[in-house]
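Engineer: Read off the chains here:
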Amino acid sequence: MSEAALGASATTRFATREVLKHVVLILGALVVLLPFYVMISYSLKAPAELMQNTGGFFGSQADFLDDRCILLGGTEASCMVNPIAYNYDSAFREAPLFRYLLNGIIVTVSIFVIQVIVALPCAYALAKLKFWGRDAVFGLVLFCLLIPVHAISLPLYVVLAQLGLTNSYAALVIPWTISVFGIFLMRQFFMTVPDDLIDAARMDGMSEYSIVWNVMLPTAIPALMAFAIFSIVAHWNDYFWPRIVITGDRSLFTPPLGLREFRGDADGSNFGPMMASAVVIVTPLIVAFLLMQRRFIEGITLSGMK
Amino acid sequence: MASIELSRIQKRFGTAEVLKDVTLSIADREFVTLVGPSGCGKSTLLRILAGLEAADGGTVQIAGQDMTRVRPAHRNLAMVFQSYALYPHLTIAQNMATPLKLRDLSRWARLPVIGPLSARSAYRAIGEQVRETARTLQIEALLDRKPSQLSGGQRQRAALGRAMVRQPVAFLMDEPLSNLDAALRVHMRAELSELHRRLGATFVYVTHDQAEALTMSDKMAVMMGGRILQFGPPDQVFANPATLDVAEFVGSPKINILPGEVDHDGRVSALGRGIPARLLVDGRLAKVGLRPEQLHLDGGADGWLGRVVHRENLGHDLYFHVALDADDQRLVVRGAQDRNGAESLGDAVRVGFKPDRALFFAPDGTRLHSVVPAKLAESA
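Protein sequence lines correspond, in order, to chains P and R.
Counting from 0, one number per residue, gives the positions in the first sequence under numbering that gives the first Met the number 0.
Counting from 0, one number per residue, gives the positions in the second sequence under numbering that gives the first Met the number 0.
Only chain P is shown next, with the shape it has when bound in the complex (with noise of 0.2 Å):
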């Protein structure tokens, strides 16, 4: 065999190699991206279209009949509306969407600055202190990463209702103000801190607070955005805790609960408007972690002061 068709064959080696590469993660993309595939095409579509599964992505687009706007005693010509426009507004008009979404800003907000208020403290003095039971104090920390929220809620539930707290946003807040992951992942990014650093802000006259607020909390943005980003998805998106404490109040409900306006009762789910809601809901984390993403990566591979 010649030198040249050893060189193709190992070029094509490579390349086979390196499709099949893209193959699986291609495959691997798709199974993420169904759902929201789903989601949006259904947003977008005329009840009709989704009952008959016909219209592929966008649907026809063409107008349909609002049975309900007929109900109310609208005229036919009155009551044609075009499938987005529908979609849309009744997620906007039969939920309060607006206010769930500012219920989820208000407690997702409370909640990562209060755990950053307890965390940065903490992880300072796991990270830079040196004090009687440091080591054994950091285990703990390590130790409650393991305990599921699930194992605790129901006793969490029992004294928040004990106190008179379910339904209101304390209840939604509280539980989640101390974040061990929060400090476990500070406590890592203020070791790499240099003590020298600490050592000048000493001298300068500064107080182990104003160490904290100072210089350890604006050399760990990176971090900080990190956790922000893991703070705020996941309790953006909780369904579970929100479902438990509250109860009856609707003007309390989180953007997932707000989900559940949709799930049809005796008429069947009304897919459509319940999808764009569910647009609606996920769009600032997306927008969030696209403008976020580069810190976020950074805060991730801990790598912020070099």
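FYI, nobody ran anything at the bench for these hints, they're computed from the structure.
A couple of the hints might just be wrong.
Claimed, not checked - Cβ pair distances, simulated, as ranges:
{"hint": "1", "chain 1": "R", "residue 1": "Arg226", "chain 2": "P", "residue 2": "Asp194", "range": "47 to 55 Å"}
{"hint": "2", "chain 1": "R", "residue 1": "Arg70", "chain 2": "P", "residue 2": "Gly247", "range": "33 to 41 Å"}
{"hint": "3", "chain 1": "P", "residue 1": "Glu207", "chain 2": "R", "residue 2": "Glu292", "range": "49 to 57 Å"}
{"hint": "4", "chain 1": "R", "residue 1": "Arg70", "chain 2": "P", "residue 2": "Thr282", "range": "47 to 55 Å"}
Please read all numbers here as calculations on a predicted model, not as lab measurements.
Think of the CB as a built atom: it goes at the ideal place given N, C-alpha and C, for glycine as much as any other residue.
Based on the hints, put chain R in the right spot on chain P.
Structural biologist: The following block gives chain R in isolation, referenced to the frame of chain P:
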């Protein structure tokens, strides 16, 4: 400006005794270097002086006041760190203003936005002081940059600026030149000495580099194993070391240590060659220390016979490593200036020495002083 008294400082980390009863007094306006191999406790001593570390025993006095239990910020000392430790998120101007803001402004006036508005004149005064200091150090052009945009030497100056700006009673420096390249280090040595003279402040400088200690300080304290072995002016420490360890640590290339013998009359000989000196101890083994510059390669008939095994050319100096034939011993010899290093590798040479500066040590490392000829041996 202030004198500093450290007395009977002790420090343990777990079971390891890092500082053993260290006493050191530094006069006002003095440039004192703490020098020693790594792990000798010099940095710990500096940190205790700064207040960053608490001593297990002993007291720290600054300007006559007991500061042992006083927080670092209230000791009014400034420290320059090896890594410079500039705040990475602040500009150089903000870095330099930080100690002033913390000292001169109230908590209220330090708040962002409201602070600068309410305490405008105080902020202006701080800005003026920062610019003034920057002018002295010639870093005015760098004031608006972040530390990551500066070179090592520029960061070094910025760190100095942050230390200088609040006019502390003393400057503490922990290996501030170690992160610079060799040429810049030599340049900064001169600049630091000049700065010391201009500021007229007390400097305490920690280094592992004996060259820095010799070139810059008024007095140097040689530390080893948690003790100060010798404290005095550099030329005295170099010429008249108190112990064998000090003699070996100070001076580059290292002093040659030869096995010596003392006969019953106190006459000393090294490697079979007599040295015109007399010690009061008799019949004991001793060690003889000869610096490379006291040795030469034309020792004549009674010189030690050896072979050149290595030539070290430093440009201004040429050193020969000579393996002696008689003994398993190597000597470092400074080549004569006028001979241009005629000897080459493998050449047989006879090593001679100038006897007047030979140093004698007892087997335990303590210095032995010769009595005869007293004048010659003690002339150092």
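Engineer: Would you pick out the hints that fail for this structure and give their numbers low to high?
Structural biologist: 1 and 2
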